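Protein chains in written order, with the working numbering: chain A, 1 to 255; chain B, 256 to 375.
Honestly, the hints are just simulated from the structure, not real lab data. Accuracy of the hints is not assured; some may be wrong.
[Stated by the list, open to error] Restricting the straight-line Cα-Cα distance to at most 30 Å, the calculated cross-link-like pairs of lysine-lysine (DSSO-like) are: (1) B:K368 - A:K15; (2) A:K205 - B:K285; (3) A:K227 - B:K350; (4) B:K366 - A:K13; (5) B:K353 - A:K247; (6) A:K234 - B:K353; (7) A:K205 - A:K234; (8) B:K366 - A:K61; (9) A:K65 - B:K287; (10) A:K65 - B:K371; (11) A:K180 - B:K353; (12) B:K350 - A:K234; (13) A:K177 - B:K350; (14) A:K177 - B:K353; (15) B:K353 - A:K13; (16) B:K371 - A:K180; (17) A:K12 - A:K247; (18) A:K247 - B:K371; (19) B:K353 - A:K65.
[Claimed, not checked] To spell it out: a stretch of chain A is covered by chain B in this simulated footprint if at least three of its residues, at any positions, have a beta carbon under 8 Å from a beta carbon of chain B; those stretches are: (20) 146 to 154; (21) 235 to 249.
Being a predicted model, the structure only gives us computed values, none of them experimental. All residues carry an ideal CB built from backbone N, CA and C; glycine is no exception.
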Amino acid sequence: MKPEEKEREMIKKLKVAIIIPCYNEANNIMSLYQEIRSHSYSDNYEIHPVFVNDCSTDSSKDILKNNHIPHLNLCVNLGIGGAVQSGFMFALRNDFDVAVQMDGDGQHPPSELEKLLNPILQDRADVVIGSRYITNEGFQSSYLRRFGINYFNWLNKILVGVTINDSTSGYRALNLKTLKIVSEYYPDEYPEPETIVLFAMHNLKMVEIPVIMRDRQKGKSSIRNYKTIYYMFKVTLGVIFLYIRLKFNGKRHII
Amino acid sequence: MENVISYRLQIIAITIALIFMFFIFRLIVKGKLREEYSFIWIVCTALLLLFSIWRDGLDIIAGLLGIYYAPSLIFLGAILAIVIFLVHLSVVNSKQHKQIKDISQELALLKEKLDKLTRS
Numbered sequence: 001m002k003p004e005e006k007e008r009e010m011i012k013k014l015k016v017a018i019i020i021p022c023y024n025e026a027n028n029i030m031s032l033y034q035e036i037r038s039h040s041y042s043d044n045y046e047i048h049p050v051f052v053n054d055c056s057t058d059s060s061k062d063i064l065k066n067n068h069i070p071h072l073n074l075c076v077n078l079g080i081g082g083a084v085q086s087g088f089m090f091a092l093r094n095d096f097d098v099a100v101q102m103d104g105d106g107q108h109p110p111s112e113l114e115k116l117l118n119p120i121l122q123d124r125a126d127v128v129i130g131s132r133y134i135t136n137e138g139f140q141s142s143y144l145r146r147f148g149i150n151y152f153n154w155l156n157k158i159l160v161g162v163t164i165n166d167s168t169s170g171y172r173a174l175n176l177k178t179l180k181i182v183s184e185y186y187p188d189e190y191p192e193p194e195t196i197v198l199f200a201m202h203n204l205k206m207v208e209i210p211v212i213m214r215d216r217q218k219g220k221s222s223i224r225n226y227k228t229i230y231y232m233f234k235v236t237l238g239v240i241f242l243y244i245r246l247k248f249n250g251k252r253h254i255i
Numbered sequence: 256m257e258n259v260i261s262y263r264l265q266i267i268a269i270t271i272a273l274i275f276m277f278f279i280f281r282l283i284v285k286g287k288l289r290e291e292y293s294f295i296w297i298v299c300t301a302l303l304l305l306f307s308i309w310r311d312g313l314d315i316i317a318g319l320l321g322i323y324y325a326p327s328l329i330f331l332g333a334i335l336a337i338v339i340f341l342v343h344l345s346v347v348n349s350k351q352h353k354q355i356k357d358i359s360q361e362l363a364l365l366k367e368k369l370d371k372l373t374r375s
């Protein structure tokens, strides 16, 4: 093998951080960690799971510590956005090439990881979104939730002209360029639909990949009943103000 | 008789304004109130004091603004000041929210680094 070819081989090895935010997921942590570790991946990827304990009130902290699972401990509950962002900052500072966001409740199967990583490896995308609505396989969600998702798709299309079928999906892979952006600004609550606008406004290439998601293993979704209305309202405001801020204030973020 | 009552009221108003000002100053001196937040309160007390001393002031200004019932000017002014101050507090709150977030993230990252160092 020529030296240049060898070098190219070296470059093609991606260091991947799997960021798993968890709040009171003590029952899921161990099984998810083992599942990620036991799965075999192609030689192109070096997979490092990192849990972010968002100030859980259950035994999450002890489980992570006693089992020597790599993790970050937040001493203030920041919500999903802040927790995920800490993970992105960790990935950026520890020279990772890619960060994958994965839910702590086992909805996102590690077996689908490579599907998310391949477009980044092949330089076809800056952001890869695992979507459950391209093909109708696996776990599908309720009518109301789908209505909400359609609404966000429509909002995204109007504002930034991108069509993402599952803008609420939290199963995503981000490359280094994107990591630099999200470590500067990331929405606090329900960040997913808002970040589509963020990515689009920074001219990042988004690719959506069909993945099969499981039903939640334990615990309930954070979004239900009366919270749905708050969720829709909050995300609509977030999306619109983010758009205005980026459009007219350049790339400056204050709060 | 009418004059006596209104003088009595004026003295009470001035006394209250002075006590309030003293209270604000004490908070600043003790370090319980930061100067930047005390500014608005000092201005408020100064206004209070001004109108307690200058008795016809309210009527004159209300007349200039075309307000028929002078005391309603007080309510208008007070409500405006309260709303502005509340917005100001929300801004401060948001800023602190961001600062707390930044600090706890930085702390989590540092703790992780420290753990890694002490283990190796």
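Tested hints:
Distance hint between K368 (chain B) and K15 (chain A) is fulfilled; the C-alpha atoms sit about 18 Å from each other, no more than 30 Å. With a C-alpha separation of about 55 Å, the suggested pairing of K205 (chain A) with K285 (chain B) is violated against the 30 Å cut-off. With a C-alpha separation of about 25 Å, the suggested pair K227 (chain A) and K350 (chain B) falls inside the 30 Å cut-off, and the hint holds. Restraint check for K366 (chain B) and K13 (chain A): satisfied, since their Cα atoms lie roughly 28 Å apart, inside the 30 Å limit.
Between the alpha carbons of K353 (chain B) and K247 (chain A) the distance comes to roughly 22 Å, so the proposed pair stays at or under 30 Å and holds. For the proposed pair K234 (chain A) and K353 (chain B), the alpha carbon gap of about 18 Å is at most 30 Å, so the pair holds. Between K205 (chain A) and K234 (chain A) the CA atoms are separated by roughly 26 Å; this keeps the pair inside 30 Å, and the hint holds. For the suggested pair K366 (chain B) and K61 (chain A), the alpha carbons sit about 13 Å apart, so the restraint of at most 30 Å is met.
For a cut-off of 30 Å, the pair hint linking K65 (chain A) to K287 (chain B) is broken: about 40 Å separates their Cα positions. Of the pairs offered as hints, the one joining K65 (chain A) and K371 (chain B) holds, with about 12 Å between alpha carbons and a cut-off of 30 Å not exceeded. For the suggested pair K180 (chain A) and K353 (chain B), the alpha carbons sit about 18 Å apart, so the restraint of at most 30 Å is met. For the hint linking K350 (chain B) to K234 (chain A), the alpha-carbon distance of about 19 Å falls within 30 Å, and the restraint holds.
Annotation: proposed proximity of K177 (chain A) to K350 (chain B) holds, straight-line Cα distance about 27 Å (limit 30 Å). A hinted pair counts as satisfied when its Cα atoms are at most 30 Å apart, and K177 (chain A) with K353 (chain B) qualifies at roughly 23 Å. Taking the CA atoms of K353 (chain B) and K13 (chain A), the gap is near 36 Å; set against the 30 Å cutoff, the hint is violated. For the proposed pair K371 (chain B) and K180 (chain A), the alpha carbon gap of about 24 Å is at most 30 Å, so the pair holds.
For a cut-off of 30 Å, the pair hint linking K12 (chain A) to K247 (chain A) is broken: about 35 Å separates their Cα positions. This hinted pair does not check out: K247 (chain A) and K371 (chain B) have alpha carbons roughly 42 Å apart, beyond 30 Å. Between K353 (chain B) and K65 (chain A) the CA atoms are separated by roughly 28 Å; this keeps the pair inside 30 Å, and the hint holds. Chain B is given as covering the segment 146 to 154 of chain A, and this is violated because 0 residues of the stretch bring a CB closer than 8 Å to a CB of that chain, at least three being needed.
Counting residues of the segment 235 to 249 of chain A whose CB lies closer than 8 Å to any CB of chain B gives 0, which falls below the minimum of 3, so the coverage claim is violated.
The earlier numbered hints that this structure contradicts are 2, 9, 15, 17, 18, 20, 21.
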